[in-house]
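2 protein chains.
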Amino acid sequence: MGLATEVITTNQTSNVIRIALDAMGGDFAPQNEVQGAIAALKHFRHVGANVEIVFVGKEKDIRSALAQQDTGQESSGVNYSIVHADEVVTMDDDPTQAFRKKRNSSLFQGIQQHANGYVNAFVSAGNTGAVMSTATLVLGRIKGVSRPTIGTFLPTTGKLPVLLVDAGANVDSKAKHLYEFGVMGSIYCRQILNVEHPRVGLLNVGEEPTKGTEVALQAHELLSNGVLNFVGNVEGRDILIGAADVVVCDGFVGNIVLKFAESFLGFLKTRFRAFADKSLLNKLLMAAMKPVLSKALKDMDYQEYGGVPLLGVNGVVIIGHGKSTPLAIKNMILRAEEVVRKEVNKSIENALNPPTISTKEPQS
Amino acid sequence: MGLATEVITTNQTSNVIRIALDAMGGDFAPQNEVQGAIAALKHFRHVGANVEIVFVGKEKDIRSALAQQDTGQESSGVNYSIVHADEVVTMDDDPTQAFRKKRNSSLFQGIQQHANGYVNAFVSAGNTGAVMSTATLVLGRIKGVSRPTIGTFLPTTGKLPVLLVDAGANVDSKAKHLYEFGVMGSIYCRQILNVEHPRVGLLNVGEEPTKGTEVALQAHELLSNGVLNFVGNVEGRDILIGAADVVVCDGFVGNIVLKFAESFLGFLKTRFRAFADKSLLNKLLMAAMKPVLSKALKDMDYQEYGGVPLLGVNGVVIIGHGKSTPLAIKNMILRAEEVVRKEVNKSIENALNPPTISTKEPQS
Chain A
201 MGLATEVITT NQTSNVIRIA LDAMGGDFAP QNEVQGAIAA LKHFRHVGAN
251 VEIVFVGKEK DIRSALAQQD TGQESSGVNY SIVHADEVVT MDDDPTQAFR
301 KKRNSSLFQG IQQHANGYVN AFVSAGNTGA VMSTATLVLG RIKGVSRPTI
351 GTFLPTTGKL PVLLVDAGAN VDSKAKHLYE FGVMGSIYCR QILNVEHPRV
401 GLLNVGEEPT KGTEVALQAH ELLSNGVLNF VGNVEGRDIL IGAADVVVCD
451 GFVGNIVLKF AESFLGFLKT RFRAFADKSL LNKLLMAAMK PVLSKALKDM
501 DYQEYGGVPL LGVNGVVIIG HGKSTPLAIK NMILRAEEVV RKEVNKSIEN
551 ALNPPTISTK EPQS
Chain B
201 MGLATEVITT NQTSNVIRIA LDAMGGDFAP QNEVQGAIAA LKHFRHVGAN
251 VEIVFVGKEK DIRSALAQQD TGQESSGVNY SIVHADEVVT MDDDPTQAFR
301 KKRNSSLFQG IQQHANGYVN AFVSAGNTGA VMSTATLVLG RIKGVSRPTI
351 GTFLPTTGKL PVLLVDAGAN VDSKAKHLYE FGVMGSIYCR QILNVEHPRV
401 GLLNVGEEPT KGTEVALQAH ELLSNGVLNF VGNVEGRDIL IGAADVVVCD
451 GFVGNIVLKF AESFLGFLKT RFRAFADKSL LNKLLMAAMK PVLSKALKDM
501 DYQEYGGVPL LGVNGVVIIG HGKSTPLAIK NMILRAEEVV RKEVNKSIEN
551 ALNPPTISTK EPQS
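Taken in sequence, the protein lines are chains A and B. Count along the first sequence from 1, add 200, and you get the number used in this note's numbering. Count along the second sequence from 1, add 200, and you get the number used in this note's numbering.
Source of the hints: derived by calculation from the structure; they are not laboratory data. Careful: at least some of the hints might be erroneous.
Treat identical chains as interchangeable: a pair holds within one or across any two.
Heads up, simulated DSSO-like pairs for lysine-lysine below, C-alpha to C-alpha not over 27 Å straight-line [claimed, not checked]:
#	residue 1	residue 2
1	K483	K359
2	K376	K343
3	K260	K242
4	K478	K359
5	K546	K343
6	K411	K523
7	K260	K301
8	K301	K411
9	K495	K359
10	K258	K478
11	K376	K411
12	K376	K546
13	K495	K301
14	K260	K546
15	K411	K478
16	K359	K343
17	K469	K495
18	K258	K359
19	K495	K483
20	K478	K343
21	K490	K523
22	K542	K242
23	K490	K359
24	K374	K411
A quick note: this is a predicted structure, and the numbers were derived from the prediction, not measured.
Sequences and hints are given; from them, build the entire structure.
So this is what it looks like as structure tokens:
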């Protein structure tokens, strides 16, 4: 595939965690990617974690971006390498076509590095659908997982965000899939947000177990009888008040809720702008108010979260928004390291493959 | 059923529009109902419309609320009557139980007045599910309508609100139902909001026709081949920017989006309060900002809209939020009169029962 692998600086030990970064993924690649990665590496050096970043993408562009970075007073402990990849998957590329036709893309090659065992995780702010389908096809699924899923965080009025899962990876999910989303989301929430017994809610149109679609009714039963801390149905109004730590839904609903929520900040801004335009007094009031609004609504900006996990694939994959800032990229890399270190996938596999065989379904 | 019908003031002519009002429906009934109705009647008198309100509910309570109202310098042209009904359907009542067991409720009796032809419309701020199921069972459906539906308005950054339909009346809708929701929503939008060719969008997870659930794919095809001004799929982020005048979806998704949207204002308030609590300066800033925020976000308060239509039943039914203010009640009554006067139901029937056979089928 014409790879030009060249290790620039490494400090290889047996405990090193290697993270492949799709250097060409986001809208501001590779600048934001490189800047975020260097910030992450400095953080790892500071805390004494042995982590190496593998930049995957156009070598020349990556080097050029790296040249603009100050890697710190001494470069020891800031470990990165470059794997050259000629092609770039764009945001407009069809995921299936990207998988079939762009085998030398940074996206495909980064995931391939993971599948080969050369890296422990893959991070990308690129085409979400392409990352998802390529990762699923190349890495495979964790044993017991029917469909990998993407969770996303939304802010709440409480202390912690809520994990909405599935946020768009799967439409027409069956009850069994929703149950698995609940298990994966719960484990992620426990291990990453440190919530001991995450409250799992099923997104529905009413609190009563008799409410909702056929699939929702069946999922309610599965979740009630499972091992999760299931708090029952939650409604649309319960999401932002943090009535559950994990909100389970089909990707069709999750995607619509997520995109609707993301559009809200823009809606507010338009409204405030229209108000300001009405008079000079209004303009002055809004100007005075701007920093207040920014602070109060800071975490409504999805870029703050720095990536969401692709759960259920046989690997660690963190996906970020195309508009990811260097800070978001840094946070995605930190998150990837955490997911590797805490062995989230092992917990998912254990939870979905309990040692005793279920009495309900005979194994074939 | 023990009705005590007593006409207090009437000015009966052949052109009178009679509107039954569930006087016991809302959380502040009958005060808000009576206050709103009198305001509506004064409006009708002012514009020379011949409208009579039929209060349905506990006569004594209604009279007591009426006594507190100033019906204007002269009572001529302010027409109302009272139909006594002993029982009240509460917000917690199960819709099916309410229909079976509370036949002498203001809700049931008001709808019965409509079915009997004594009134032209029914307005309630009561139990939405109970109004919907009772109205559907007692009034029946318009010819060609498979499932009656509830639309709801959401604000947009544009000049007009968007009609989200279905907003929770039906879950597990089939493509055919979604098509009908589009037709009914489009007609309502044209006749009530005066949008000549309402843009109808299908709520989905992507713009491409190949996106979404099986039902969404089929609905996309039906809507593409129909008579509507179909603008294709719209995503969650497109709702608040007014990318369509009518957004069609299954009631499961619609209900979740609606309740999620309604919770935003509370979310903002909590955030602003938390910000204010941090320091005296913050408190002063927020206090100065409060009227600004109120003005800028005014129409995010669902109470401003004053009711939504139950579309597809063989009658005119307007449903309001339990917390409806007198202004909201007034607006619901005005809306009911408008829907009757503009013969919205006739348009729906014509649209769903076209006189000519589609040219795709061979002509006999």
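Verification of the hints:
1. K483 <-> K359: Answer is between: at 21 Å across copies they meet the 27 Å cutoff, but 33 Å inside does not.
2. K376 <-> K343: within (15 Å within a copy, 39 Å between copies)
3. K260 <-> K242: Within. Shortest intra-copy distance 23 Å satisfies the 27 Å Cα cut-off; inter-copy 76 Å does not.
4. K478 <-> K359: between (37 Å within a copy, 15 Å between copies)
5. K546 <-> K343: within (10 Å within a copy, 58 Å between copies)
6. K411 <-> K523: between (38 Å within a copy, 23 Å between copies)
7. K260 <-> K301: within (23 Å within a copy, 77 Å between copies)
8. K301 <-> K411: Answer is between: at 21 Å across copies they meet the 27 Å cutoff, but 45 Å inside does not.
9. K495 <-> K359: Classified as within; 15 Å inside a copy, 29 Å across copies.
10. K258 <-> K478: neither (49 Å within a copy, 48 Å between copies)
11. K376 <-> K411: both (18 Å within a copy, 22 Å between copies)
12. K376 <-> K546: Cα proximity of K376 and K546: one copy only (20 Å, versus 45 Å across).
13. K495 <-> K301: neither (44 Å within a copy, 53 Å between copies)
14. K260 <-> K546: Neither: 38 Å inside a chain and 68 Å across chains, both beyond 27 Å.
15. K411 <-> K478: neither (46 Å within a copy, 41 Å between copies)
16. K359 <-> K343: Neither way: K359 and K343 sit 34 Å apart in one copy and 52 Å across, limit 27 Å.
17. K469 <-> K495: For K469 and K495, both the intra-copy (14 Å) and inter-copy (14 Å) Cα distances are at most 27 Å.
18. K258 <-> K359: neither (41 Å within a copy, 47 Å between copies)
19. K495 <-> K483: Cα proximity of K495 and K483: in one copy and across copies (19 Å, 14 Å).
20. K478 <-> K343: neither (60 Å within a copy, 48 Å between copies)
21. K490 <-> K523: Within one copy only: 22 Å inside a chain, 32 Å across chains, cut-off 27 Å.
22. K542 <-> K242: within (21 Å within a copy, 69 Å between copies)
23. K490 <-> K359: For K490 and K359, both the intra-copy (23 Å) and inter-copy (24 Å) Cα distances are at most 27 Å.
24. K374 <-> K411: both (16 Å within a copy, 18 Å between copies)
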